[in-house]
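Asks: Each chain is listed here by its residues.
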Amino acid sequence: MKVWALHLALIIALAVALAVLPPYPATTLARILVLAVFAMGYNLAFGYTGLLSLGHALFLAAGVFAAGLSAQFWGLSAGPALLLGVAAGGLVAAAVGLLALRTAGVSFMIVTLMFAQAGYLTVLYFGTITGGDEGFNLPAASRTVFGFDLSTDTPRFVAALVLFAVGLLASLALVRSSFGRSMVAMRENEERSRMLGINPFAVKLAALVLSGLYAGAAGAAYALLFGYAGANFATIQYSILPMLYVLLGGAGTTIGPFLGALLMFGLIEVTSRMARLWPVLEGMDYFLIGAALVVLVLFAPRGILGTLRERGLKWLP
Amino acid sequence: MALEVQGITAGYGPVTVLRGVDFRAEAGQITCLMGRNGVGKSTFLKCLMGLLPTTAGTIQVNGLTLQGLPAHQVPKRGLAYVPQGRRLFGPLTVAENLAIGGLVQGNDENTLHQVLTLFPRLRERLTQTAQTLSGGEQQMLAIGRALCLKPTVLLLDEPTEGLQPSMIALIQEAILTLKAQGVAVVLVEQRVDAVRKLADRVAFMRAGRVEEVRDGAGLAANDPAFQTYVGV
Chain P
1 MKVWALHLAL IIALAVALAV LPPYPATTLA RILVLAVFAM GYNLAFGYTG
51 LLSLGHALFL AAGVFAAGLS AQFWGLSAGP ALLLGVAAGG LVAAAVGLLA
101 LRTAGVSFMI VTLMFAQAGY LTVLYFGTIT GGDEGFNLPA ASRTVFGFDL
151 STDTPRFVAA LVLFAVGLLA SLALVRSSFG RSMVAMRENE ERSRMLGINP
201 FAVKLAALVL SGLYAGAAGA AYALLFGYAG ANFATIQYSI LPMLYVLLGG
251 AGTTIGPFLG ALLMFGLIEV TSRMARLWPV LEGMDYFLIG AALVVLVLFA
301 PRGILGTLRE RGLKWLP
Chain B
1 MALEVQGITA GYGPVTVLRG VDFRAEAGQI TCLMGRNGVG KSTFLKCLMG
51 LLPTTAGTIQ VNGLTLQGLP AHQVPKRGLA YVPQGRRLFG PLTVAENLAI
101 GGLVQGNDEN TLHQVLTLFP RLRERLTQTA QTLSGGEQQM LAIGRALCLK
151 PTVLLLDEPT EGLQPSMIAL IQEAILTLKA QGVAVVLVEQ RVDAVRKLAD
201 RVAFMRAGRV EEVRDGAGLA ANDPAFQTYV GV
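Going down the list, the protein sequences come from chains P and B.
When we follow the numbering used here, the leftmost residue of the first sequence carries the number 1, and every step to the right adds one.
When we follow the numbering used here, the leftmost residue of the second sequence carries the number 1, and every step to the right adds one.
One should not assume that every hint holds.
Unchecked claim - Short, incomplete list of chain B residues facing chain P, as computed with Cβ under 10 Å:
| hint | residue |
| --- | --- |
| 1 | Phe89 |
| 2 | Gly90 |
| 3 | Glu96 |
| 4 | Arg214 |
Everything labelled a hint here was simulated from the structure, so no lab data went into it.
Even glycine gets a Cβ: it sits at the ideal position worked out from N, Cα and C.
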C-alpha cells in the first residue's frame, strides 16, 4: 500500500509541477518524463534482469522511426503511430534478443552494441527516407490525439505525464509479480534459477522485449511530442544515457530511472549555467558532470535509491 | 520407485567421472550416497538435475524419463536439489528466496506454511537477507527453497557440512520429518554417525560407480564398508 501511495504521490507531484512551471522548464520536464520511460525499460533489462545492453538506442530509434515515418508517409495520427512505435520497439528487441541472448556478460554487451551500430548505419543508408543525419520534422497534422494538438504545451505535458504514469505503474506491477521475481532470480544467478525450474532464455527474452516496448513507446512519444525524428536517436549516446540514468537513480528500483534522468538534466543545466557565469569553465560542463558521477559511484555505488534502500528504506521496490 | 537410475555415464570434457551408475531411491526413505572425495557424488546429483549431460544410461523419476529435458524442466518432474554450499540468492530476503523457489509451482500458501512449520526459525527471519543468516539458517533456507518446489525426490548434497552440532540436529530432524511425509530423500553424506542415524539404505560409490548397496540398519560404526569406501 505504502509503495503504491509513493508512486501515485510522485505522479501527482509531477502533474502539479507541469501545471505550475513556466513553459520552458515544463517542456524540459516533459522531455525528462519521456526519457525516464526509456530508462524504465532499460532498468527492466539491466536493473532487474541483469542484462547489460549497449544496444537500446536501436529500440528507441525503432520507436522514433516507426512513429515518425508512419506519420510522414502514411499520415497516421499520434495514437496509431505511438502503438506502431511500441510494437516496433518490442519486435526489434525480440529479433535482437533471439540472437544476442545466446551470449552473456561482455559478449552480450558487444553484440547489442553491434546491432545498434548496424541500426544507426541503416538509418543513414536509407537517408532519403529517414532524413539521415538531418532527420525530418513530423507533419503537424499527425501530431494530434483525440483532437488535441501535441505541439502545444498543455496536451504535450499531459501526454508525457500519462505515458510516464502508465510506464511507472506497469513497471511497479511487473516487478512485484511472479515474472518480476523470475527476472530478479536471473539477475542474481542464472544457474541457481535454472535449478529452481526457471527457464533463463525465456525470462531474459521476455524482459528484453518488455524493455524494447518501453523504449519503442519512449521513442515514438519523443518524435510525436517534440516533432522530430533523426539518426541521432540511433547513436551510441542513446544507449549510454539510459544506463547512466539508471545507475544514478538506482538500478533495480522503480523510481530510480526517473530520478536519474531528472538529476542528469539538472546537472547539465547547473554546469552549463556555471560555464556561462565563469567563462573559465567554458567547455568543462561534461567534465563537471563526469566528476559528479565519479563521486556518486564512489559514495553510492548502488545509485541514490539503491543506497537509500540499502540503508533503511528496504520497502522501496 | 521414486527415482531409478541405470548405467549413467558422464564427465567434464575428456574426463569421464561417472562410469555406469545404477541407483534407486524410494518414497518415504532416506538413501545415502557415500564415497571419497572425487568419486562423482556431486557430479551424479548434477546429472540427475540435468545440469550436466549424461552420455549413456537412463534416469526415471516416478516412471518419467528425464533424459533430454532441459535443466529447468527437471524440477517440474518432482526433483529438487540442495547443492553443496547452499547457493542462495544472497542479497535477497528469506521471503524472496522462498518465493523464487515456489515460482514454478505457483507459490501456494500451504507449501510456504509447511516450510515455515518445518523451519520455524525462517519465519523469524523472513525480511532478513539470506547472506546475513548463520550457516545453519542458510541451510534451512536452501532446503526450504527446494521444498517450495513440492518435490517427490529431494537431493541433498552434504547439508550439515560445517555446521555446529545444534544446527546439525535441527537439519537432521527436518530430514526425518520429510521422510515421514513420504519424500524420497537422497543424501550425500560423509559422516558415519549421520548416515547410521538417518539412512534406510546406503549406496557406496567408488571410481564413478555404485559398488555396494547396504541397509542402513545393518551398518555398525566400524563396518568395513566405511573403511573401504570412505576411508574412516
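Asks: Take the shortest C-beta to C-beta distance between phenylalanine 89 (chain B) and chain P; is it under 10 Å?
Replies: holds (4 Å)
Asks: May I ask you to test the interface hint for glutamate 96 (chain B) with respect to chain P, counting a Cβ-Cβ separation under 10 Å as satisfied?
Replies: holds (7 Å)
Asks: Is the shortest C-beta separation between glycine 90 (chain B) and chain P less than 10 Å?
Replies: holds (8 Å)
Asks: Double-check arginine 214 (chain B) for me: the hint is only fine if its C-beta lies closer than 10 Å to a C-beta in chain P.
Replies: Interface hint status for arginine 214 (chain B): violated (30 Å vs cutoff 10 Å).
Going down the numbered hints, you'll see the structure goes against just number 4.
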